[in-house]
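Enquirer: One letter stands for each residue in the lines below.
2 protein chains.
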Amino acid sequence: MQASAINLADKLATFSAHWSPRVIAEMNDYQFKLVKFQGEFVWHAHADTDETFIVLHGQMEIGFRDRNVTVREGELYVIPRGVEHITRAEGECHALLIEPRGIVNTGDTDSTLTADNDVWA
Amino acid sequence: MQASAINLADKLATFSAHWSPRVIAEMNDYQFKLVKFQGEFVWHAHADTDETFIVLHGQMEIGFRDRNVTVREGELYVIPRGVEHITRAEGECHALLIEPRGIVNTGDTDSTLTADNDVWA
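Those sequence lines, one after another, are chains A and B.
Residues in the first sequence are numbered from 1 upward in steps of one, following the working numbering.
Residues in the second sequence are numbered from 1 upward in steps of one, following the working numbering.
Where hints are given, some of them may not hold.
Claimed, not checked - Computed, partial: chain B to chain A, Cβ under 8 Å: (1) V23; (2) A25; (3) F32; (4) T70; (5) V78.
Said to hold, decoys possible - Just so you have them, the derived chain A footprint on chain B, three or more residues with Cβ under 8 Å: (6) 5-17; (7) 42-53.
The set of hints was computed from the structure by calculation and includes no laboratory data.
Just so you know, even glycine gets a beta-carbon here, dropped at the ideal spot from N, CA and C.
Bound-form chain A, shown alone (with noise of 0.2 Å):
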């Protein structure tokens, strides 16, 4: 059980890292990441699971192949399954990630910016 509660301002200012994301709880076979981006990621998809971003900095763009969702600070969106999308931010933005334990950041597509998974804050 957690000895106290987990401050996420406290958390993000413990790596400037982009597309990195790190762990920061679990909840059952789920886990809460902190993410630091700017910049284009690449298109993926997770094939089993939907994917949520809660924004808590600044704000980003996820792409889909026929639209564009802006999400700002205070804003949740719930990337569904198997989806194509790719996430964009011009400006720094920090994002809240959920999603089941051993989701890889990109997905089914190999890239550069593919991540070490399960790497805590």
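Assemble the complex: chain A is given as a structure, and chain B must be docked to it using the hints.
Expert: What follows is chain B alone, placed relative to chain A:
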């Protein structure tokens, strides 16, 4: 697929009832729920699942039989499955709850505070 991002503040503005969680999104078989509360809830446990609180406004205390944990705005706490707990807040608190679909707010405890389940904001 969501047409647009879900703004947490906008959704919080749509209701005022206490201890009455409102679903705002689903991820796989999990739900994101907003809840407002003040005062003290009832002791209960959820035998089969962890339960996550992220405080969006104000602060709350999660009481366990052997300790209390304070969760402030911008903080996250995961209550482990099967552990008896009670939630309290001196002032009004707004939180984002994350737990599997079908979880009743009072868990294994019958109470006048048992809320209708699966009510969407």
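Enquirer: Each of the hints needs a verdict: does it hold here or not?
Expert: Against the structure, the hints come out as follows:
With 8 Å as the threshold, the beta carbon of V23 of chain B stays out of range of chain A, its nearest partner Cβ sitting at about 12 Å, so the hint is violated. Given hint, A25 of chain B at the interface with chain A, holds; its Cβ is 5 Å from that chain's nearest Cβ, closer than 8 Å. Interface hint status for F32 of chain B: upheld, as the beta-carbon distance to the closest one in chain A is roughly 7 Å, under 8 Å. Taken as an interface hint, T70 of chain B checks out: its beta carbon lies about 7 Å from the nearest beta carbon of chain A, inside 8 Å.
Here the hint on V78 of chain B is kept, as its CB sits about 5 Å from the closest CB of chain A, short of 8 Å. For the segment 5-17 of chain B, the stated coverage by chain A holds: 5 residues have a C-beta nearer than 8 Å to a C-beta of that chain, and at least 3 were required. Given a C-beta distance limit of less than 8 Å, the hint that chain A covers the segment 42-53 of chain B holds, as 4 residues qualify and 3 suffice.
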